[in-house]
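*Asks:* Sequence:
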Amino acid sequence: MQGPNTGPDAAVMEAIAAGNRVVFFDIALGGGGDDADGDEGKPLGRIKLELFVNDCPKTCENFRQFCTGEYTDPVTRAPVGYKNSSFHRVIKDFMIQGGDFLNNDGTGKTCIYGTSTFNDENLTTHKHDAAGMLCMANSGPNSNGCQFYITCKNAEWLDGKHCVFGKVLEDAGGESMMTVRKMEAVPTKGGANQPRYPLRIVQCGEL
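Using the numbering used here, the letters of the sequence shown correspond one by one to residues 2 to 208.
Among the clues, some could well be false.
[Unchecked claim] Distance condition first, Cα-Cα at most 20 Å in a straight line; then the derived SDA-like pairs of lysine to any residue:
#1 Lys59 with Gly206
#2 Lys59 with Asp94
#3 Lys162 with Gly206
#4 Lys154 with Pro188
#5 Lys183 with Tyr198
[To be verified] Now the in silico label distances, taken between C-beta atoms and shown as ranges:
#6 Ala18 with Pro75: 34 to 40 Å
#7 Asn120 with Glu71: 33 to 39 Å
#8 Ser140 with Thr77: 24 to 30 Å
#9 Gly206 with Arg78: 17 to 23 Å
#10 Lys128 with Glu41: 34 to 40 Å
#11 Arg78 with Thr126: 24 to 30 Å
#12 Asn104 with Asn55: 15 to 21 Å
Hints listed in this document are in silico derivations from the structure and should not be mistaken for laboratory results. All values derive from a computational prediction rather than experimental measurement. We put the CB at the ideal spot given by N, CA and C, even for glycine.
Turn these sequences into a full structure, and let the hints steer you where they fit.
*Replies:* Listed below in structure tokens is the structure:
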């Protein structure tokens, strides 16, 4: 809950006091290739995310365990989750999408519940009414897996179709949302809106 040179983040403490959980992504631009000689890319910043565990407990726990590495492969027991995955889709003034640690292209689905998908949970309490809302990506009703998106502005037409289960934390100095804005500004290629340079989650966990 604190950085190397700072005390506890008041926004993190407030979210936890409200009964919610807080996770983080450390984002880098580029690097990570097989021939990159260990290049970790250019650090863009940390995104802190408040999870609405009281309203969407199942969705939040799925996301949280993929952040912490608590969920492991049933066979190898290796941690499974978002670390070293990438954001595969960026649409300026709309959203950034990631979470496909299986294929890194938007086709992968899995969850912690022993199936590839799980049902929608609470589509009404929270809305796509601001930038920084954390939502489940899906391919229709009751098809949630590991993919998620963060809104870059309000997107009311998605209300009732995608579970809104968290938000970017308004942390000290605004680093979290500033990191989202840096990611939103990365140039893309092709009809799939794939970033020209990898947007990678180099570390993640719970605060």
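*Asks:* Which constraints among the numbered hints does this structure fail? Numbers only, ascending.
*Replies:* When the structure is compared with the hints, numbers 2, 3, 7, 11, 12 turn out to be violated.
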